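Visitor: Residue numbers (numbering that gives the first Met the number 0), protein chains in the order written: chain A, 0 to 266; chain B, 0 to 343; chain C, 0 to 255.
By construction, these hints were calculated from the structure, which means they are not laboratory data.
Heads up, a few of these hints could be off.
Facing chain C, according to a computed beta carbon distance under 10 Å, are these residues of chain A, among others [what the hints assert, rightly or not]:
#1 T51
#2 L88
#3 W94
#4 T95
#5 Y143
#6 I160
#7 V183
#8 F184
#9 I207
#10 G221
#11 Q227
#12 V245
#13 L250
#14 A253
Here are the simulated BS3-like cross-link-like pairs (lysine-lysine), alpha carbons at most 30 Å apart as the crow flies [claimed, not checked]:
#15 K76/A x K5/C
#16 K260/A x K139/B
#17 K5/C x K216/A
Since we're looking at a predicted model, the values are computed, not measured.
Ideal Cβ positions, reconstructed from N, Cα and C, are used throughout, including at glycine.
Chain residues, written in single-letter form:
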Amino acid sequence: MGYVIAFMVLPVAIIATYSFFQRGQYGGIVYSLTLDNFARALDSLYVGILGTSVALSSTVTLLALLIGFPTALAITKLQPQHQNIALVLVILPFWTNFLIRTYAWIVLLSSEGLLNQGLLGLGIISDPLALLYTPGAVVMGLLYAYLPLMVLPIYAALSRIDPSLREAAIDLGASRFTALRQVVFPLAIPGTLVGCVFVFVPSVGNFIVPELLGGGKTVMVGNLIRDQFLKARDWPFGSVLAIAMVVMLVLLFALQARITKRVLGQG
Amino acid sequence: MTVLLDIHNVSKAFDQLAALDNVSLQIHTNEFFAILGPSGSGKTTLLRALAGFESLDSGQIVLDGQDVADVPPNERPVNLMFQSYALFPHMTVFDNVAYGLRREKRPQGEIAERVTSLLATVGLGDMATRRTHQLSGGQKQRVALARAIVKRPKILLLDEPLSALDRKVREDMQLELKRLQHEVGITFVVVTHDQEEAMSMADRIAVMDQGRVEQVATPVELYKNPGNPFVANFIGTSTLLRGHLSSGRLHLTNGVKVPCSLPSEDGAEIWLMLRPEDISQTPAGAITGTVISTNFYGPNCLVVAECGLEIPVKYLVGNSEVPRVGDATKISWAGDTGVVVRAS
Amino acid sequence: MTGVGKLGWVLAAVCFFLYAPIAIVIVMSFNASKIPFQWTGFSTKWYSELFANASVLEGLRNSLIVGVSTMILSVVLGVLLAIGITRHSTSSAVQALALAPAIIPDLALAIGLLALFSAISFPLGLTTVILSHTIFCMAFVAAIARGRILQIDPALEEAALDLGDTPRGVFFRVTVPSLMPAIIAGALLAFTLSFDEFVITFFTNGPSTPTLPIVIYSMVRFGVTPEINALASLVLLFSVAIVLISQRSVKLSQSI
Ligand SMILES: Nc1ncnc2c1ncn2[C@@H]1O[C@H](COP(=O)(O)OP(=O)(O)OP(=O)(O)O)[C@@H](O)[C@H]1O
Ligand SMILES: [Mg+2]
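Looking at chain A on its own, in the form it has when it is part of the complex (with noise of 0.2 Å):
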């Protein structure tokens, strides 16, 4: 069944190759090959560009982080059966359209949504708030689209941990705390990076949210990329961007790697 293997891989191989290729040879534009797409993707604006949806990224991954780590240490504590069925609870918004997810921000978040209207209503503020169309929008949209890609990695760490290691700490005089902090959170580092390049990885990527919460005003990375091959037509300088995503993915895994060998040895 080698033949198999070898039809299944080759479209994905075509893909990973041509995407090194096309940079100087296809989009309509010149043949010959060339740096100069690469070095524009160093001009200013797009730094910029790359610079914004790192951050909003960041900040992304480390509320969903913050959000999820607890969330899957709530998990765990569970009986088995509930840890089920809290596990589906938690995935199940993940396998459902993505942009009737990022709608339903708008519906909250416009100035006639839900969210202003019941801060009028409460008197708490007398004119609506901008909050869709804004950095924030965005950030919540993206929160909210992967914050189960967060919690279950860190959930399958936590539950691969045996018990009783936290009951040893506990046993050698450490306090509950002490156990958490010294025992649990080292070892579940390597299933939390994982989590943290889930999220922040789509995230950088991602342009539906920026574009119908950021209402286009926040450009970020994955918006450039669409625009260069959809608008612009540029296609060289889209790959240039879009190898520089999946380069970036591939050094995240291999960071992520190299921290677990540290934290857990050989092992």
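With chain A fixed as given, assemble chains B and C with the ligands onto it according to the hints.
Guide: Chains B and C with the ligands in isolation, oriented as in the chain A frame:
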């Protein structure tokens, strides 16, 4: 002998199941105490209750005159060596052993000195900087032991400390545990389901079954005078026969009457426990049976024969007189051998 | 046990965060008012209007065509892929590569595919969408099937061969039936993924064959309407139902 640990009428149930059922035990200072019982008999639950990880439904645990009910596990002067060792994989051997001392906020110098000398004692002097996954099973076991001992607890609790080791290492470690206990002068409470291990190491043994303590005694006493049929069956190899005692003769359930001069009241229903060496195979034997299996043990052979009694009879013969499976056999025993075990 | 209590609140709060926005959309879809944010009474009229909306129906039709085709293709290919990588390859690089489309950012995959189709001058349309969806859906199917294959005792197949079955017969009479729970779960998963997929469709689709997510996208860009609420509710419930069914069959596959 002073009582260090007084376990008084302790009960603990999981859902409906009584894991500990009215357990009472007294453990003395500097004793090597073993808790022996089949799987699921509540041994681990008892140890975890002593360490503070299991709350009690009722009863008290008094350590050195103090009821420890309200003392959280991290403040009990008791340390537990986990069945799985529970070594911290993200720390070196040294850091694992130093963990408890650091929680006591001991000075650096003292920690280094105590850890180093203890590692040397358990034969791991040159392994201090290793990660735990770089150790063999026996080495892991020593680290776990050192980590639990280094705080000099009043009692060291060991949950099946040797069960993960292969036979040869296990025998070495049994001797070493004894030696170490002598050296550090700490009371050891060892849980095991291996009776040979308990017999060879412990000063006294508590036999547990289904959450109850069946008997507490020295190894010799347990072997010679089991307190009830369960202990008689569990400790060593034996044949337990039920019978009715009447004017110096025991009426067995197959109708055969054998002489019995053991001290017991006339007319009583008793259990007679016979060790394999108590029974001999002789043409003059009053009891006849059929051999169903033969098992060689060094110079002797353990023969199992069906004699129409409650259970097949087990007895030893020399290697020159081994019957064949299916042969008819005749056996007997002297009227003053065996032990009368009262039904509980 | 106050720690557990506090963590319990965290869990409840997170579930509220995850479900409240969705719940609000569903509630709003039954609002009689044309102004989306004022509740004037219960009504199902937006649902009936939805079913009269030609572009929605067109999108639904296209999405179903793509979803079912993708499901069939990705199950067949995904299962073969899973058998290939678990039974016939010891290289972890091959395994990682085969499952890669499930992990790499959808945008990168989308433009890679767009570039590929342009390079070979393949006209964009439902066919390209189906092919593209298949590439990443089969990676998910393969991941599920692989988990199941690793559980199955390889001696099962050897036993069947030993009893005189042909390799081909073994495949259809032993391998496929024992993979059945994973196949069902994978099929349902592939269908939902394809049905809800937007980014890859956005890049690899032609202009004349919009799928439902493309229709939703163009509607959503013009703001909040009760009709979108109704459409969103239906799509949500549909996905949830399929995911729950596939969860059940995964559980089934674990219990067998
Ligand atoms: N956390 C728990 N929840 C429910 N039941 C438990 C729990 N811990 C133990 N039990 C039950 O209590 C009984 C005693 O268990 P325990 O672990 O003390 O046995 P053990 O004597 O240590 O057995 P082993 O030799 O197999 O380790 C068993 O029937 C077990 O199933
Ligand atoms: Mg146990």
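Visitor: Using 10 Å as the Cβ threshold, decide whether Y143/A counts as touching chain C.
Guide: holds, 7 Å
Visitor: Take the shortest C-beta to C-beta distance between I207/A and chain C; is it under 10 Å?
Guide: Holds - the Cβ of I207/A comes within 10 Å of chain C, reaching about 7 Å at its closest.
Visitor: Hey, K76/A versus K5/C, does the alpha-carbon distance stay inside 30 Å?
Guide: holds, 11 Å
Visitor: Minimum Cβ distance from V245/A to chain C below 10 Å?
Guide: holds, 5 Å
Visitor: Please verify that hint: T95/A, Cβ, nearest Cβ of chain C, below 10 Å or not.
Guide: T95/A check passes; min Cβ-Cβ to chain C is 4 Å, inside 10 Å.
Visitor: Given a cut of 10 Å on the nearest C-beta pair, is the interface hint for Q227/A held or broken against chain C?
Guide: holds, 9 Å
Visitor: Can the restraint linking K260/A and K139/B be considered satisfied, given a maximum Cα separation of 30 Å?
Guide: holds, 20 Å
Visitor: The hint names F184/A as touching chain C; please verify it with the least Cβ-Cβ distance against 10 Å.
Guide: violated, 15 Å
Visitor: A closest beta-carbon separation below 10 Å is what the hint needs, so does T51/A meet it against chain C?
Guide: At 17 Å from the nearest chain C Cβ, T51/A fails the 10 Å test, so the hint is violated.
Visitor: Let's test the interface hint: is any C-beta of chain C closer than 10 Å to that of A253/A?
Guide: With Cβ-Cβ at 13 Å, over 10 Å, it is violated.
Visitor: Should the hint that V183/A touches chain C count as held when the rule is a Cβ pair under 10 Å?
Guide: Result: violated, 12 Å to nearest chain C Cβ.
Visitor: Once the shortest beta carbon distance from G221/A to chain C is found, is it less than 10 Å?
Guide: Holds, because the Cβ-Cβ distance from G221/A to chain C comes to roughly 6 Å (cut-off 10 Å).
Violated hints for the displayed structure, listed by number in ascending order: 1, 6, 7, 8, 13, 14, 17.
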